[in-house]
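Participant: Sequence:
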Amino acid sequence: MRMTDEQKAAARAVIVTAAGRRFRVDGMAGVGIDALAREAGQTSGAIYAHFASKAAVFAAVVDAGLVRLRAGMDRCRAAGTGWARVFARQYLSAPHRDQIAEGCLLPSLSADVARGGAELRADYAAALDTAIATLAEGCPGATPEERRAQAIQVLVLGAGGLLLSRAVPPGTLADEILAAADQAAGTLLGPVA
1 MRMTDEQKAA ARAVIVTAAG RRFRVDGMAG VGIDALAREA GQTSGAIYAH
51 FASKAAVFAA VVDAGLVRLR AGMDRCRAAG TGWARVFARQ YLSAPHRDQI
101 AEGCLLPSLS ADVARGGAEL RADYAAALDT AIATLAEGCP GATPEERRAQ
151 AIQVLVLGAG GLLLSRAVPP GTLADEILAA ADQAAGTLLG PVA
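Numbering (full-length UniProt numbering), first residue to last: 1 to 193.
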């Protein structure tokens, strides 16, 4: 029996979600198609029915991850004025740090993107630029240029803070790194409302 377009889209979404978890934990080089298929509850053939290669799966994961990042920003807008600070506080939280498989792709997969091809890097840059523009809308700078710079600074603090906090054993130093990054975000954006 042939799959409907809706079933194909749902199967693809399951693959991308499962692959995202594995790539975030193991990196692009650390996982093969067979492991991705197992994570998704699929066969390797099912993966190849949707994607031409592991690199294509990775590109879809990166795209979905950046869409998810912007969706997180959009959810924080409900906080009203100062929502960018709310976003930064949630981003730089211990639960986000500790949930690598479910967390943001910026600290987990940016190095893999940097090693990727020109098309992947260009797509990443375009989607990241859109996320920067979204976050800038919530930043307090006096000009569009200041707000854009603040948004970039917050994403750099967030990704770098999470990456360093994850790289050390759990405990005081890991928590200090997150707290320092959050404090710097507060200096940029003001207190959490």
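No wet-lab data here; the hints were simulated from the structure.
C-beta atoms are modelled at their ideal positions from N, C-alpha and C, and glycine is treated no differently.
It cannot be assumed that every hint is accurate.
Stated by the list, open to error - Straight-line alpha carbon distances no greater than 16 angstroms define the calculated EDC-like cross-link-like pairs of lysine to aspartate or glutamate that follow:
1. LYS54 x ASP112
2. LYS54 x ASP74
3. LYS54 x ASP5
4. LYS54 x ASP26
Said to hold, decoys possible - Label pairs and their computed distance ranges (CB to CB):
5. ALA71 x PRO144: 46 to 54 angstroms
6. PRO140 x GLY171: 27 to 35 angstroms
7. ALA193 x ALA111: 20 to 28 angstroms
Participant: If a hint holds in the structure, say so; if it does not, say that too.
Facilitator: So, going through the hints one by one against the coordinates:
no., hint, result
1, LYS54 x ASP112, "holds, 13 angstroms"
2, LYS54 x ASP74, "violated, 30 angstroms"
3, LYS54 x ASP5, "violated, 22 angstroms"
4, LYS54 x ASP26, "holds, 14 angstroms"
5, ALA71 x PRO144: 46 to 54 angstroms, "violated, 23 angstroms"
6, PRO140 x GLY171: 27 to 35 angstroms, "holds, 34 angstroms"
7, ALA193 x ALA111: 20 to 28 angstroms, "violated, 34 angstroms"
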